[in-house]
Structures are given as C-alpha cells and as structure tokens.
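J.: Quick note, the sequences are listed as chains A and B, same order.
Take my numbering: the last position of the first sequence gets the number 514, and nothing is skipped along the way.
Take my numbering: the last position of the second sequence gets the number 182, and nothing is skipped along the way.
One or more hints might be untrue.
Which residues of chain B face chain A? A partial, calculated answer using Cβ under 7 Å [what the hints assert, rightly or not]: (1) Leu28; (2) Gly94; (3) Lys98; (4) Val121; (5) Gly137; (6) Asn146.
Here are a few chain A residues that sit away from chain B, every Cβ distance over 10 Å (derived from the structure) [said to hold, decoys possible]: (7) Lys94; (8) His479; (9) Asp500.
Because the hints were derived from the structure by calculation, they are not lab data.
These numbers come from a predicted model, not from an experiment.
Every residue, glycine too, gets a C-beta built ideally from N, C-alpha and C.
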Amino acid sequence: MPNDLNLHLPQRQNPFGVAVIFFKNLRIALNVFISIVFVQLGSRLDFFSLSLYGIAGIIALFFLVLSYYQYRKFFFYIQEEKFVLEKGVFKRDKMTIPFDRIQAVNLSQNIIQQMLGVTALKVDTAGSKFKEMEIPALDKSYARALQKRLLELKKESGGEEEQEDKEEILSELNEAILEDQGLGPEPLLRLGLGDLLRVGLTENHLRSGLILFAVVNGYIWQFEEYILKPFENYIDSTADRILTYGLVLVPISVLLFFVIATLFSLIQTVLRFFQLRFYANEKGVRMTSGLLKKAEYHIPVNKIQYIKWGSNPLRKLIGYKTITVKQAGSEAAADRRSLQIPGAKEAQLQTVLDFFFEERKKEHYREAQAHWLLASQLSFFISFLPVSGLLIGGFWYPIIWYAIPVVTACIVFFSFKYYQSVHLRWNKDILVLSKGFVYPRSYIIKFYKVQNVSLKQSFLQKRRGLAHLIFHSAAGDLNMPHMPYVVARELYDYILYRVESSDESWM
Amino acid sequence: MEQENPELFENPPVAPDQLPKLEMEHFIPLEREYLYLRLSSWGILFFLLLAVLLVLYFTTDLPWLPSLAVYTGVLALVFTLEIVGFKVKGYTLRKHDITYKTGLLFFRMTSVPFNRIQHCELSQGPLGRLFDLASVNVYTAGGSGSDLSISGLEKEQAQQLREHITKLTATYA
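Pulled out of the complex, with its shape left as it was, chain A reads as follows (with noise of 0.2 Å):
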C-alpha cells in the first residue's frame, strides 16, 4: 500500500481515467444522440450528407479527444488544511473543501471501474452546496490509502468532541482495509444468489411496477411524435376495436404488468444488492452490495437515528425482514443517507438491535394502543371516495350497488387490523413504534434522539380524552395516533425531560 501519498504535489488519476470519463460522457451524449436518431427517422434530416454511423462516429471521436483532455486536466492536491480539486478543459473548476467540512468520504465502482479495476472516491461535504467532488478512477489501494489521509486529516482538524466519532469511523475504516486483502471479519449477514432471487420474487411489485411505468412514460412521450407517427394510420380505425376487445385486453395488460413488474423488481434488487456484505459491531454499520455500481456505505454509531425493520405479506412467510438503518438528513435526500438490509433473518434483526439498543433488556415497559376511533376514521376516509363512486355509477348500472357492502366490508376489515397493529411501547431509555396489518414495521428510538414533540388533538379526539403524538427525529418523524391524552402528555413531558437532560451527542 503505497503510504507515501505525495499530495502537496497535483497528482493525476490512474490513466484508465480515460476509459472512465469517455463512458462518463458517453452516456451523457448517448441522451443527446437518442433524440437525434428519432429526428433523423422522423424527417430524414441530412447532416452535411452524412450516415447516422458517420456522425456516431465524428461524435465517439470527440469525446475520446476530449476524455483524454479532461484527464490530463483533472488534478487533487492539499493546500493550507484544504483538499483541492482542479479540473475542466475549457471552463476551469477548482473546487476547495478545509477539511473540517468533510462530512464523510466514500469509495464506489461501477461496472466500468471494476472491469479496468480502478475505484472512484467521493469527498462528501457538510451543507452540501457544492457540486459533488468526484474523483473516478484511481488504483484501489490508493482509493483506500486516500480516503484513509482524508479522514485522517479532518480528525485532527476538528473539535474534541467528534473525536470519538472519528475514530470510530477510522476503526471501521481499517476493517475495510482488511477485508481487501481478505482478512475481514465475517459479515453478520450475506445474500447470496438464492436470497437475492427471494429477496426481488418477494418486493412489493405494485411499487415497482408504477415507478417503472412512470419513468417509461416520462422518457418514452419525449419522442411522442416520432414514436406514433408512423402508426397513425392505424390508430384512428383500430381505437373502435379496442374498445371492443377492453374486456379481452384488460386482464392481459395486468397480467403484462405484473410480470413485467415481477422482472423488474428482480432486476432491480440483483443490481442494488448483488453480493451484499452487511457488517455491524458497537462501532457502528457498513455494508457493501451492488452489482454494475459496487458501492460502500457506512453509518457510525452516533450517527444513527433509529431503526425501522418490516415485511410484506410474502416474505412473512418466507421469514424475511428489511431492516433499515437511518442517518440524519433532509428529506430529499433520505434514501441516500439511510442504510437498507433485504432479507435479514429474526435472529440478525435481534442481533444488530442488540449492538445499538441495549436499553430493550430494561424493564418496565409501559404500553399504548391506539382508541378504535382509528379504525371508524380509517374506513371513513378511505371507504369516502370509492363508495360515493359506486353509489352514482349504480344509477346507471344497479348492479354495482351490490358491490358497496362488499367493499365497504374490505375496508372495514383492513382499519380494523390496521387499528389492532397500532402499538406503542416504552421504558426508561427508548421507545418502540410498530404499526401495519399488511406492512407491518417498527421503528425503535433513542429518547435523546428526539429533535422536539408535538401533540395533536382534534375536537372528536377532545371529547374522547385521546391525542395523536409525534416525535421528531433528524430522520424524520414517528407518528403514534389516538392514543390517550393523559398518557401522551406524561411521555410528552418525559421525552422534553430526558432530550434537555441527556448531554449525549444526537449525531
């Protein structure tokens, strides 16, 4: 490992750099070069009379010159207890970060890097204004070599009291380190291809689904008038048929759905997840996965705000929970910061609350269920819409009034269960939150995690002695509702004692 880390001195990438930034800029021209080939198709526009190759051609060229540009022209060094950034071949960028503000420093590879073995390192900032600050190909060990000075030199950089913290960070950095020569310890939990395929067959596939069906859309009416043009003719004197054959058609487009779906759900929980390494000790998270993008995250002790593990219906009977690590952050960007687990046994959840929720052996829990009100609002709210929908298309159809006790029923049903899952637990150091008939998760909290409390009371609440209670963490919020108001106000109270007492660091 090359400890000699001259970086006083610009120092430039490895030279596959140049293969890195071309595929780099290769996909951003393949967006540009897509709606050209619709253009072309759509009018046989002629650029200077040249084929579609001849331009993908002049196109590749430029970029190959201009890779090898941005490659010479991109250099890192330290300067004055800052780490520098040059590059840019017509516009220089410099960007500066003191190395106080480094929030963390991340190694990642795609599937580019990790064909030409190179890693890419990225330098995360407090109060992220800047653009990210990307190196994306350098040797491994130097990566490693690298974002261990880095992390170095923000530690002797700040204050006493996030020591700790850094070392913590250090410590598992060095377990990293390790386990790249293949002397880590063993991961508390690794899919293999078996648990993978589990782990995607059982994802809600209705989610994935729709978000498919978004992003298809969204890209695809781009192109809208290229795309249609030359169906047009058919169109018009088929819109009679298909309506005719709806009652054909709408069975098997769902099936299409759900089997394309089910597709991409799997496809997708192969690329995030591939070999998934999830490691956790009192030091803290980290876990490393993915397949095209091998990326490692890690999340200090300190840092974490709550857990929240959960199923759905088919890996509860497969035995199959996520658990969910989650890191203070804003709201846009939670799902970078918060550490997801697929396919975590019981006895790994017990295991991973044991290391950062020693508090649960405690004794003396005390215990909220939430008021039935919860369930008649429930069905209320939800049984509005789609009952009133019924009750008018029945005026014309009086067979669908049939189908209002039915789904009424459902309804019914499901806040009930909803209403009975509602649960809250607490003792003297922690507080535990489970809710969900269908998706059932709980999250368990530190008290001195807690950012600030509201309570809210509605006036049917009022005459009934109950109150919803929210506790806000750097991680979002936990909501318990209709609980009762006497109740809510002794843990109001004790929750505002146990922040404004605790001189423990929430991050």
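Based on these hints, arrange chain B on the given structure of chain A.
T.: Leaving out everything else, chain B in the frame of chain A:
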C-alpha cells in the same frame, strides 16, 4: 459514551409525578393586535371574493340569494372560529425549552428543547409591519413539519425573544 464511562454521567431514576410538567396555565397569550391582523387578512380575502361574486353576478345568471347566504355563512364561521380560537394560541418559555400551541378544532402543541435548535430567525410580513408585529421562527433538524413559528409578538419583544433563544442555543453548540 454512556456504557463506557458510567461514572461520568449520572442518571438517577425519576418518578413520573416528579417530572417537570408543562402546565397549561403558564402559557402567555399573543398580542391582541395579532387577532386584528388575522381578521384583516381574512377581510382582504373575503373582499376579493365578494368582487369575484359581483362580477359573476353581472356576467352570468348566478342565483344571488343562495350565493350571498353561503358567503355570509362562511364569513361568519371563519370570523367566529378566529375570535374564539385566538384564546387557544399561546407560547411558553421554560428554562430548557419553548412551546407553542394553537388550533381550536385541531389543537396542536409543539415543544422545542434549546439543545436541539439549529437556528432561530425573525420575520415580519407587510401586514405585520402595519401592526408592528413580528414572528420568531425556530428551526431544528427534525424536518420542516417540526419547526416552530411564534407569530403575533410585538416587534421589540420578538427581537428580545430571538436574542434570548440564540444566546441559549449557543451555550449548547
């Protein structure tokens, strides 16, 4: 860390009835002028609505009696709720936190401990300038839904409050 140095951090058990309670009687009501401010902003809205109704009345065959009845009904309801609900609005400042409550039909109370405040600012709208009122906004890391905004303070009083909070917050940072 707690488990590493148990002797550094004392944490004696506290009986639930000894906990500091947030007493509802200790809330400070907002300035009376703030009610007038709210009523005038509703007044402006209803005035514009009336203008729209008049235009509709002269251009279409809008039935004037029912429309007027609905208009006055909504106006009376809004003003009643504002006047009665104003008594609910209030804030209280304790040694370690600040609390704001509001809402007659939908009551909401939020408490922010001073050791969780990210920053604190003063804001004043055009109507606020007219009535010499300002709001103090308190931000935490708990997301946009959890931020606290205390409206209806005298400008000078608001400035004092902001300085007080900023000073207290600084001692924790």
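J.: Quick one, is the Gly94(B) hint okay against chain A at 7 Å, beta carbons?
T.: 11 Å, violated
J.: Would the stated hint for Gly137(B) survive a check requiring a Cβ distance to chain A of less than 7 Å?
T.: 25 Å, violated
J.: For Lys94(A), which was marked as not at the interface, is the minimum beta-carbon distance to chain B over 10 Å?
T.: Holds, since 33 Å exceeds 10 Å.
J.: When the nearest CB of chain A is found for Leu28(B), is that gap smaller than 7 Å?
T.: 5 Å, holds
J.: Grab the minimum beta-carbon distance between Asp500(A) and chain B and tell me whether it stays above 10 Å.
T.: 5 Å, violated
J.: Does the closest beta carbon of chain A sit nearer than 7 Å to the beta carbon of Lys98(B)?
T.: 15 Å, violated
J.: Do the numbers back the hint for Val121(B), that is, is its least Cβ distance to chain A under 7 Å?
T.: Cβ of Val121(B) sits 4 Å from chain A, so the hint holds.
J.: Just want to verify: His479(A) was marked as not at the interface with chain B; is every Cβ pair farther apart than 10 Å?
T.: The assertion about His479(A) is violated, with a minimum of 3 Å to chain B.
J.: Measuring from the C-beta of Asn146(B) to each C-beta in chain A, is the shortest one below 7 Å?
T.: 13 Å, violated
When held up to the earlier numbered hints, the structure conflicts with 2, 3, 5, 6, 8 and 9 and fits the remainder.
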